[in-house]
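Student: Given the sequences, and given the hints that come with them, work out the whole structure.
Spelled out, the chains give:
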Amino acid sequence: QKEVEQNSGPLSVPEGAIASLNCTYSDRGSQSFFWYRQYSGKSPELIMSIYSNGDKEDGRFTAQLNKASQYVSLLIRDSQPSDSATYLCAVKVQAGTALIFGKGTTLSVSS
Amino acid sequence: GAVVSQHPSRVICKSGTSVKIECRSLDFQATTMFWYRQFPKQSLMLMATSNEGSKATYEQGVEKDKFLINHASLTLSTLTVTSAHPEDSSFYICSATDRGQQPQHFGDGTRLSIL
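Chains A and B supply the protein sequences, listed in that same order.
Residues are numbered in the numbering used here as their position in the first sequence, beginning at 1, plus a constant of 1.
Residues are numbered in the numbering used here as their position in the second sequence, beginning at 1, plus a constant of 1.
None of the hints are false.
Cross-link-like lysine to aspartate or glutamate pairs, in silico, EDC-like; alpha carbons within 20 Å at most:
1. K57(A) with E46(A)
2. K43(A) with E23(B)
3. K65(B) with E23(B)
4. K15(B) with E88(B)
5. K68(A) with D56(A)
6. K3(A) with E60(B)
7. K42(B) with E46(A)
8. K21(B) with D109(B)
9. K104(A) with E60(B)
10. K104(A) with D109(B)
11. K43(A) with D89(B)
12. K42(B) with E6(A)
13. K67(B) with E23(B)
14. K42(B) with E4(A)
15. K21(B) with D89(B)
16. K43(A) with D109(B)
17. K68(A) with D28(A)
18. K42(B) with D84(A)
19. K68(A) with E4(A)
Read the hints as simulated data drawn from the structure, not as lab findings.
Tutor: Structure follows, in structure tokens:
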């Protein structure tokens, strides 16, 4: 069974700090990797997508992928209270298939 | 960016009622749409995959006769919860994709409450 694992948290960081969110996946053939942010009562919002090994940066967000270790992470620099949300790691095994979601990590940024 | 519209955003109805939820892709052709359900403090669980013009593929444990899915066009998919009961109360979210490897874009979700 294909699985995506995340630490549920909560992960608490002070404002301005770096938040590090981690995710592992079980299917070595997975092709696409995504991080979504979900506020309470809302639907997920795409933050980052990454398809190849290495780092991908977009503003304060950096996604890191290591396919050999089956590991993907999200770094949030200069964390803000508005970043407080649940972050969902999602994996797509192959084109046309649905995303497989982790249970999410709750991030709390204190001012 | 791609936009997915979901309607209604909230439904409160009596047990035994059937409820229809619409999911529309507004600026792209969604060859595939997905329906998820999310219970409180749980992750999104895939219910079914809907391909335009063909029957939906349901995940194990999801009753296809209870959750009717129609994907008659490249911009619209509907989920009908038939004879809903309190245990069907949940947050239902649709998503759509226009190209196989591209990110899925989510609708705003429908919070269904069955009394």
